[in-house]
Structure formats: C-alpha cells, structure tokens
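Chains as they are written, first to last, in my numbering: chain D, 1 to 548; chain H, 549 to 1096.
No lab work stands behind these hints: they were computed from the structure.
Hints should not be assumed to be uniformly reliable.
[What the hints assert, rightly or not] From the derived model, a few chain H residues whose C-beta atoms are all more than 12 Å from chain D:
| no. | residue |
| --- | --- |
| 1 | N570 |
| 2 | P648 |
| 3 | P701 |
| 4 | K712 |
| 5 | N924 |
| 6 | Q925 |
| 7 | S946 |
| 8 | M1061 |
| 9 | P1072 |
[Unchecked claim] Keeping only pairs whose Cα atoms sit at most 25 Å apart, straight-line, the calculated DSS-like set for lysine-lysine is:
| no. | chain 1 | residue 1 | chain 2 | residue 2 |
| --- | --- | --- | --- | --- |
| 10 | H | K768 | D | K341 |
| 11 | H | K768 | D | K316 |
| 12 | H | K864 | H | K890 |
| 13 | H | K890 | D | K220 |
| 14 | D | K269 | H | K889 |
| 15 | D | K342 | H | K569 |
Beta carbons: idealized from backbone N, C-alpha and C, even for Gly.
The primary structure of each chain is shown beneath.
Protein chains: 2
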Amino acid sequence: MQALMMNTQLMISSILRHADKNFPDSEIVSVTADNPRHRHTYKDFANRSRQLANALVELGAKFGDRIGTLAWNDYRHLELYYGVSGSGMVCHTINPKLFPEQVNYIINHAEDRFLFVDLLVVPLLEALKDHLPKVEGYIILTDEAHMPKTTLPNVMCYETLLSKQSTSFEWPEFDENTASAMCYTSGTTGNPKGVVYSHRSTVLHALGGSMPDVVAASYKETTLPIVPMFHVNAWGAPYAALMAGSKMVMPGPKMADGESLQNLIETEKVTFSSGVPTIWLGLLDYLEKTGKTIPSMTRVSVGGAACPRTIIERFKHLHNIEVVQGWGMTETSPLGTIFCKKAGMDDLTEEELIDLQCLQGRGVFGIEMRIVDENNQELPWDGVAFGALKVRGPWVASGYYGLSQVPGSEGCPVDELGWFDTGDVATINPQGYLQITDRTKDVIKTGGEWVSSIEIENAAVSHPEVAEAAAIGRYHPKWTERPLLVVVLQADSSVSTEEIIEFLQNKLHKISMPDDVVFVEELPHTATGKLNKLALRKTLEDYQFPTK
Amino acid sequence: MQALMMNTQLMISSILRHADKNFPDSEIVSVTADNPRHRHTYKDFANRSRQLANALVELGAKFGDRIGTLAWNDYRHLELYYGVSGSGMVCHTINPKLFPEQVNYIINHAEDRFLFVDLLVVPLLEALKDHLPKVEGYIILTDEAHMPKTTLPNVMCYETLLSKQSTSFEWPEFDENTASAMCYTSGTTGNPKGVVYSHRSTVLHALGGSMPDVVAASYKETTLPIVPMFHVNAWGAPYAALMAGSKMVMPGPKMADGESLQNLIETEKVTFSSGVPTIWLGLLDYLEKTGKTIPSMTRVSVGGAACPRTIIERFKHLHNIEVVQGWGMTETSPLGTIFCKKAGMDDLTEEELIDLQCLQGRGVFGIEMRIVDENNQELPWDGVAFGALKVRGPWVASGYYGLSQVPGSEGCPVDELGWFDTGDVATINPQGYLQITDRTKDVIKTGGEWVSSIEIENAAVSHPEVAEAAAIGRYHPKWTERPLLVVVLQADSSVSTEEIIEFLQNKLHKISMPDDVVFVEELPHTATGKLNKLALRKTLEDYQFPTK
Ligand SMILES: Nc1ncnc2c1ncn2[C@@H]1O[C@H](COP(=O)(O)OP(=O)(O)OP(=O)(O)O)[C@@H](O)[C@H]1O
Ligand SMILES: Nc1ncnc2c1ncn2[C@@H]1O[C@H](COP(=O)(O)OP(=O)(O)OP(=O)(O)O)[C@@H](O)[C@H]1O
Ligand SMILES: [Mg+2]
Ligand SMILES: [Mg+2]
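Please model the entire structure based on the sequences and the hints provided.
This is the structure:
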C-alpha cells in the first residue's frame, strides 16, 4: 500500500531556502586571498548564490554539467556549493594540493566545462591549461581590482560576473537522486577515484550529521571548518551549518597556520571546529609556544586519519576542549562513525574515556557496518576479531565515476550483498565502537595471520627519538610476509636497530615484532599528507630480510 | 546526471536495527494495566519486536494489511509500532477515547484485519464488535494470567502469541514510500480523516525532529512521551528516542494523573516530556497542591493547542523548566514549527522571551510554510498580516485515505501549487515565528475583515471569574458576522454581560469586541478535549443579536 505523503524531493536548495528564511542575520566570516576578513550574512549569501545561478545560465552551463572548483574555504566557494548544485549542475571540488598530474587527470576525467579558481591556484592552472581541452572558461574568484595578469584563456572575474545578475532565481525541483557534487578520493592507495553525491545523499548526511550526539549543529555554535571544502565537502559542514543557522568562520588559504587559526578562533569566538590531526598538532604547538589560548572553543572533531592520543590529552588537559574523533571516507560523504558516550558511561575514569576517544567512534544512524573475514562471513563485535570493514547506507557510494556499477565486478566497490568495501581493516567492540587497525592493502599477512601495520607504527613513534615510522610487509620465504619497520629519527639521534627492537619488545605481540628496522631521512607522503605506503613499498621493492 | 550513491531505502526497521546494535542496554520503563512498572532494554525490545513480526506472519497478516491498535503508551504498543511497520504492514493507531461511533467508523473505514487491544479498551470493543465485520481477530495486550473474560470473538493473548515465536526475523527492505502507519485526525472540524504515513516520511520526521534546536534527542535524555501513541505517533518520540538511544518512560493509561506523572518523573529521573496543555496544567496544579517537585526535568514540549502563557511562566519560575511550544497536526506527522531561540537573542528580557515562547515557533528544516490571502497570494512575514497557513515537505500529507488525491479537487487538502492547506489561520513575524490566530472555520468574518476567535477567548479567560470561553461568529444583518462570546463562569460567580464587556474594553480592538455575551453551564468538547465549535455553533443556530 502506498502512503499518502508529499513526494517533496530532498534538495540542496531547500537548505539554502531554509537558511535564508529562518536565519537571514546569521554571519559568514571569511579569510580570502583578496580580503583578510570578509563578513556577510546568510541573507547576502542567499542573494549572491542566486546571482551565481543566473550567471551560470548566462555562461551556458547546462543541467548535469560538471563545474570545477579549485578553491579554499570561503564564502565564494560556499556560493558555488549552493549555486551550482542548486541549479542542477555538478559542483566538482578539486584539491589544488594534489600533484599537478593528478589535478590534470581529475579535471579531464570529470570533463569539467568551467573552472572556478582561487587567485593562488592560477599558476597551477596556467601550467596545465594546454592539457585541459574540455575546459571552456576560467572564472577567477576575486574582484576586478585583484584580477591577475594571466595566460589562461577565456578568463572571467567572479565578482564582475555576479554583479550583472539579478538576485531573483527560482531553484528548480528535480529528482533527488540527481548528481549534486563530485569529489575524487585522496589517491592514497592508487589513482584518485570519482565519487558522485546526490541531493538526497547530501541532505540526509546533513541531517544525520547534525544530530545532538553526532556533530550537534546548532544556532548556538560558531563553526570553523578547517578541513578543506575540496576534501569531502568539508565533511558536510557547509550544509549542516546552514541548516542550523550557525555562524560560519572560513579560514581561506591559511588553513594550516597556527597563528592565523588562533587569531580567527579568538576574535570570532569559534566554539567548534573540524580538521585532520596534523592541523591540530600545529595549533597545539603554536598555543604551547606562545602561551595563547582559545577559551571560546569547546569541541573539535578530528578525522581523516587516526587521532593520536596526545591530541586528545593536550586538548583536554591544557584547553578543556573535547575531541570528537570520527571515521569516514570520500565514499561515505564522509560520516561513518563518530565518538559519543553512551548511557551508563558517566562513571568512566578520565583514562578510560580517553581510551574510548582513541577509537574511531560508533556508527551514526544511517550507516550500517559490519566486519567480515576473507570469505565475506560476518565477524563478531568483540573488540578482538578484525576483518574488512564494510558499510551501507543512503550516503555511501555505489560506485565510481566511469567505472563499473555492477556489484561484485571489477572496479565496483560494492559486493554482491550490497555492502561497500571500505578498504579498511577494523575491529568493533561490544559497545559498537569501531577501531581502524589498518588498510586492507597495508595489512601484513604473515603465516596466515593479519598483523596491523598501524599498531607497529604507533608503538614505534612512542619512542622519544622516533620522528615518524612506517611498517610494511616484505617477502619472507617461510612466513610469506614479515613486518619491516622504516624509521625517521629525530635530528641528532643515533638509536640503533637493536635499541628499537628492544623498545618494542613488550609493546607488541611476537607475531607483530618487526624482523628488521631500516632508517631513512624521510618517508614519502601523498598530496594530502598521508603516509604513501605504495611509494614506500616500491622504493623497498628489492629489500630482503637479513638471513639469521 | 544520476549520482552514484546507494539506493538504501529509509526504513523504520533501520531505526530498530540501529537501536539494537548501538544501544542494547538502553532502558524502556512502562506502566501497563497488568504491571505498575515494567522494565526492559532495547535488546529485549528488539527481540520481542521480531517475535511479533513472526507472530503476524503466523496470523496470516499480509504486506499492506492494516493492523489496528487501541492502546496506551507502553512497550507493547511500541513493539507494534516496529513489528507491524517493519514487516510492511500498516500500524493503524486508534484513539480509544473518541466517541464509540467514531471508533467504529474509523476501524471500518481503514478495514483493519486485526486489532491489538489494551485490557481497558475491551469493554468498548465488546460494544462495537457486531459492527466490525472486517476484523478477523482481537489480540489482548496482556499475559495469560490477566486475560479477561470477554465476549469478543477470536480472542488471543499477546504474550502467549509472542512466546511461541523465534526472536530471529530479517526485516524486509522495500520502497520507502510504502505505507507504514495510519492515524485519523482528531475530528475537531468534522469527521476524522485518515492520514497514511510512509517509512520515508517517518524516518525523515525523526531525523528532522531530533535536531539540536528542535527536540534534541540524545542518549543523555530520559524521555516521557505523555502525548498518546494513538495521537500522531506520540509526536514521533518512539522513533526519535530509539534513534538516539534515550531511556524511555511510558506512562500507560495514567497519562492525565498528576500524582502518577510526578512519581514516574521523580523515580525514573525524567529529563524531557511532551504533551498537550491540559496535561501540564494538571501536573502543575498537583505540584502546587502537594509541594512536590520534579528536579530532573529540564524541558517540556507542548503542542496540539495553544500553550497558555501561565504554563510557560509556572514551569519557568517554579520549576526552572523550559517550555518548548510546537505547532503541528496529524497531517504533518506532526512536526511543523517549534520554539527555539536564534542567534542574537541572548539579550532578551525574560518577559520578551516568554512572549516569543507563546508563539508557535519557527519552521523546522523540512517544512516550508507560507500564509496566503483569499486569492492564494502569499502574505508578508511581518507579524501583522494573517491568512491561511499552508505547508509543504516530505512529512506532510498529500491527501486522505479514501478521498481524492488530485490537488485542488474536493476532498484533497493540497492546492494546485502543491501546498497543503492546514485549515489554520496565522501570522508569521519577521524572524519567522508563527502565530496561530484561529482555524479557518472558526475565524469570524465581519465587514470583510477577519477577527480571531482565539484572541477574544484569551482576553475573556484572563478575567478571574471566567472559567472557560468560546467566541463564534453569528449572523449580523449589517456586518455579515459579529463575534458572540460564550462564557462558563467559575462556581459562585455572578458576573454580568456588562462587566465582561467592560473588562474586555481596552484588551481588544473595537472590531473584535463581542456584540453580546451568553452564559452557559458548560461548553461542548471533542473527544480529545478541544473546544467543539462545530457543536456550539449548532446549539446556538437560532441565536440572534439583540437589536440595540
Ligand atoms: N579516524 C580515522 N582513523 C583512522 N583512519 C581514518 C580515520 N578517518 C579516515 N581514515 C582513513 O582515511 C580513509 C579515507 O580517506 P580519503 O577518502 O581521503 O581517501 P584515501 O582512502 O586516503 O585515498 P584513496 O581511496 O584514493 O586511496 C579511510 O578509508 C581510512 O583509511
Ligand atoms: N501549538 C499550537 N497552538 C495552537 N494550535 C495548535 C497548536 N498545535 C496544534 N494546534 C491545532 O491543532 C490542529 C491539529 O490537531 P489534530 O491533527 O489533532 O486534529 P484536529 O485539527 O483537531 O481535527 P480535525 O482535523 O479532524 O478537525 C492544528 O491544525 C491546530 O489548529
Ligand atoms: Mg580510500
Ligand atoms: Mg485538522
């Protein structure tokens, strides 16, 4: 029997309309390349988004066209989020910090018709322009006064384009499963792959993510999304904040600079912020060095990589800030799990609580998860069994742009049962808290058992003279693979292989103990700063364990 | 361009699965006719819901069948919510306090195949049973020990039925627009009309309603839904609470009894509760009389009728409890608007804040609203213009069961533009706060202008000797209609018409001043306790204003 409810589609434009009608006075503060502190309101923002929609029509952009952005977190990028998606086009956010050949690959793969480009990214595109045959025009995100001299063809000025347009525009309503945005994965385990979000997935993700025990989006918050808008939609903040009427503070290009962040947080009274671990280490170090504080801040959310315990402890003890760790990926919009206490946990000691916060959190409503063994059989939630992590839900990708959409087939990440294979290896404890132990591609398979490379790395970096460490599996005639530890020492250190092995002795199970330690000057990283084990394995291709 | 996201359907069963996996230990405490304080956990509850699903299969209930419930707020009713809807059948909640002929009409109109009946409702159904030809069986919501002697045919015992079943059941996944539940309107303005909810509308309503600035559902809350589960799904609490892992306290049949409520709240440490104004008046009076307190409670939500200022003031001043008024209707699932402060309102005086709380709140994300004049032209949000309130959104009804689904046609509440006509008359202020001023059918049309009957009533009841008042429009040769005030005086009072008119003089605009006052012993009410102006107008059909 069919229900008798309205068939109202979940549209990104409805978030904007809600924000405009209910919170016209809420503020958006941005740092941009052309303005150290731009301020306007949701009302101004809604007007400008409609001007942008009219400008897109004038440019000749059509329903379904991919419109690329290479930009930082600021109000213009936010306008693109709403103006492009709201009009039925696809807002393709591109990470300008990827290697140039990756940026080139992505733009051509998505077939972007227009690129909206931050001032600082102009040189990169000038270098690539001859390899971008499908791009019809470049719109520079600035005003006439700041327009650069450039060799880019068909260049336009964003502010000039907008200024000619009317602020009236009726957002069209269409099928909620229409593509709204596109984002390529970080390329840690291979080439970046294109994820295509829908209006439906985006609105549901914003709803699920706004819940009180998830990110708790509220008019009371002033939110500073440090995680870039080219990185999985800044984890959904641009949608959740507008839905709730939060004041938004957008850090622009100065995302990783402790001084700028502290200043922004202090002067704008930021209460909540989100970012990857390295950002927080930088900020914490800056605060420690200068003795400055950020008293308005109450919570930070951390994800994208495991959050080191020290971040949680330093925020808690030095700044009375609660760290909320989440796990997710480009393919999950990104919200998968997030830390939150549960009923009955009020008696936990501070240490026990921090133990929990070091895990990756519990599943949010909307995401179902399971861990499976090599035969795709479900494993128990006992905190011990570990296997491939699979997820499903309305904001999980069903495939990649241009690759097979057939579950179970080559290129499609979804199995025959409808579960998305995350490529992560995890345990889940009896209370439902997830712990990522490794990536499937990085796990070390020794004598039929799986050893977590991350566990070895964590143990190694707890040595005071180890600056960074990577563990990879290398061929072993008897055990197939055994762990090899690759270490970068602190400057001036002269610790030996034996000392490191000795140090790890009672920290690791016998099976996880590295068979050897190799010292290097530096480790390879991906463009997003993650350890690049693919490259490391290649470098050490010919490595052989010493025969004892 | 189609997005590449999973087509996971929004299913009520996914709420249960989430609750079961993530909050197995969360508690559900119920008062039932056969147990003064039943306790179990989400885990037990999930098992029993699956037993119920198996029992329904055994009974022969099929996908789409309507399964009626006549029950109070307790765990068994909650199991019906999930077990019936989760299996793809329609959980039809029936208000046992309606007039018997209305109950009869509703059961036959919905063609319920089975009825799940609370012990206390057995006598009502015994009286009706011969007029319920489609009902194939009656399941009494109790255990074998408490089974009543009854003349009902095909009687079964709920606990016996469940105990035979396995706790394993795979919830089916199907189109999210499938009917999940059914509820008839209160019948204030005519015959009750059947609203048919979907899995989609229910899940979206729970998400939208759980938001931090809406109802803020959280694991931290202990929630007591006093609003009945036969009344618009207890305003969605059974879904929102399980989504968040809140402890639930279910008051059973003793919903309107101050002593029972105070005791439940105190012993179970309830923090949040929802109900209609009369419930709160009863509780407040009981607390005042006995000097008892409810210190665990921090918020109550009030809706279903305008919340008198005194409720807000007494809760605030005597108990430090925040009142959150919401507006909604059976057709809106029910959440339409709800009170919440906005950024920039921290400086409001307590009086100004209470003024705001007396309004019906702002639109929640998901519901769009507009007020229109008699030509369906949109009116401004200026707090002055008032017109017919129309809404749209994914949890708003598109029609009534058995009536026309064609927008704009007779029987269909949706206009040609896709807006649902609420039958309420309202203003919206510049900050987006709604004020219900009347029902379309009750508004008094005098000399081409609209006068709010509620405004007159509010003014009248502020007279210390007026117990209750109703204002209705009566025929006037010159003005078409003029207001007539009908008053019930406090016992022993002998206030005169002149004194009342004198009292209203500087409280009402001239156009709103009643032309006459009629005193009566009591006013007619609907089964849900609302003023029955339909009946009142009928009683006073022949009334004529005195010629001056
Ligand atoms: N809190 C966390 N703890 C540990 N790992 C995390 C956490 N959050 C995210 N991750 C890791 O980041 C991954 C998602 O990153 P992202 O989507 O940016 O691309 P990538 O997986 O690094 O790149 P590619 O898929 O192209 O190889 C997850 O699969 C997981 O391995
Ligand atoms: N906070 C509120 N303030 C004023 N009125 C309210 C409020 N909340 C609900 N109402 C009134 O209650 C109505 C919804 O009630 P409900 O769905 O129970 O059925 P009904 O309208 O009373 O009955 P019927 O539609 O059968 O005539 C709204 O249309 C509105 O008139
Ligand atoms: Mg990945
Ligand atoms: Mg009604």
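Which hints, by number, does the structure contradict? When the structure is compared with the hints, numbers 1, 7 turn out to be violated.
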